[in-house]
Amino acid sequence: MQEERLTIEEVLTQKGVYVGPTVGCSMLPMLKARRDTIVVKAKTERLKRLDVALYKRGDAYVLHRVLCPIDGGYIIRGDNCYADEYIPEKDILGVLTEFFRKGKHVLCTDKKYIQYAKRRLKTYKIRRFFVRIKVKIRRICSKIFRFFFPRKEK
Amino acid sequence: MKLKKGFVLRVVGGESVVVPVGELSKTFHGMINLNETGAFLWKFFTEEHTVEEGVVALCAEYDVSPEQAEKDVRKFVETLQANGFAE
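Those protein sequence lines, which keep their order, are chains A and W. Note that our numbering has the first sequence beginning at 850, numbered continuously upward. Note that our numbering has the second sequence beginning at 777, numbered continuously upward.
Keep in mind the hints are simulated off the structure, nothing from the lab. Glycine included, each C-beta is placed from N, C-alpha and C at the ideal position. Accuracy of the hints is not assured; some may be wrong.
Here are the simulated lysine to any residue pairs, SDA-like style, with alpha carbons at most 20 Å apart [said to hold, decoys possible]:
1) Lys-953/A <-> Leu-785/W
2) Lys-864/A <-> Val-787/W
3) Lys-781/W <-> Gly-952/A
4) Lys-953/A <-> Gly-789/W
5) Lys-780/W <-> Arg-883/A
6) Lys-802/W <-> Lys-892/A
7) Lys-864/A <-> Leu-785/W
8) Lys-890/A <-> Val-788/W
9) Lys-881/A <-> His-805/W
10) Lys-781/W <-> Tyr-910/A
11) Lys-951/A <-> Thr-826/W
12) Lys-781/W <-> Arg-950/A
13) Lys-802/W <-> Ala-932/A
14) Lys-951/A <-> Leu-800/W
15) Lys-881/A <-> Gly-806/W
16) Lys-802/W <-> Val-872/A
17) Lys-892/A <-> Val-788/W
What the simulated footprint calls covered on chain W by chain A, stretch by stretch (three residues with Cβ under 8 Å from a Cβ of chain A suffice, anywhere in the stretch; the number is not a length) [claimed, not checked]:
18) 816-822
19) 833-847
Using the sequences and the hints, build the whole thing.
Rendered as structure tokens:
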């Protein structure tokens, strides 16, 4: 074993493929943080709708799904996120090609996986609707709770 | 010698790669590329075994002399221990 300390970008440039754990909850329920393993290949061609792109935002690496390729970039959103973002083409480092979910190997070309990705996009509006209701209910409950149990002033 | 828990061996495009999962992924950020014999030894040492047992297993699996196998297993184990992969 030879030890090399490389960033994900360097791994993708030199080896063409990065294998590693996932962090964060933006791609739930597909990828769970620190449980699943992702296989990302360096970008060689323009990404398509439903591809999962790896890009860098500040110092953080982000893995989100392409909603729509547009001129000079992509509209992207995590499967568990409710805001779209524009990512320029130059910021895209790689594309998810396969992953291990609960130890099970899944290829991004699998029919079932593609069905899942389509379903995730199709149900976005209804999911967002229920999330908004959940947030409102939570706020109302919090207000009621604070009415009966106000915060002690310092 | 036994490998630390928290690493998983994945075969990607015919190559064996070890990556951290769970709590270990918070402290270990990297991927370990293994060749065929490295992957065999990695799987072997996921359970408690001695270097001698590793040599016997390697000789049984591959066409290699006991001297060469011992040299390779010792080097592999030393690398694992030096990098903190062993329990």
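Holds or violated: Lys-881/A to Gly-806/W, with C-alpha atoms at most 20 Å apart: With a Cα-Cα distance of about 18 Å, the restraint between Lys-881/A and Gly-806/W holds, given a limit of 20 Å.
Distance restraint between Lys-864/A and Leu-785/W, which requires alpha-carbon spacing of 20 Å or less: 18 Å, holds
Assertion that chain A covers the stretch 816-822 of chain W - criterion: three or more residues, beta-carbon distance below 8 Å: Answer violated; 0 residues pass the 8 Å Cβ test.
Given hint Thr-826/W paired with Lys-951/A - CA-CA distance at most 20 Å: 31 Å, violated
Distance restraint between Lys-953/A and Gly-789/W, which requires alpha-carbon spacing of 20 Å or less: 15 Å, holds
Lys-881/A paired with His-805/W [C-alpha distance capped at 20 Å]: Given pair Lys-881/A, His-805/W holds - Cα atoms ~17 Å apart, limit 20 Å.
Agreement of Lys-781/W and Arg-950/A with the hint, judged by alpha carbon distance not exceeding 20 Å: Holds - the C-alpha atoms of Arg-950/A and Lys-781/W are around 18 Å apart, at most 20 Å.
Given pair status - Val-788/W, Lys-892/A, alpha carbons within 20 Å: 17 Å, holds
Restraint status (C-alpha distance of Lys-890/A to Val-788/W at most 20 Å): 11 Å, holds
Proposed proximity, Ala-932/A with Lys-802/W (alpha carbon, max 20 Å): Measuring from Cα to Cα gives roughly 27 Å; hence the hint is violated.
Pairwise hint evaluation, Val-872/A against Lys-802/W, where the allowed Cα distance is 20 Å at most: 9 Å, holds
Pair hint outcome, Lys-781/W versus Tyr-910/A [Cα-Cα no greater than 20 Å]: It is violated: about 26 Å lies between the C-alpha atoms, which goes past 20 Å.
Hint violations for this structure: numbers 6, 10, 11, 13, 18, 19, all remaining hints satisfied.
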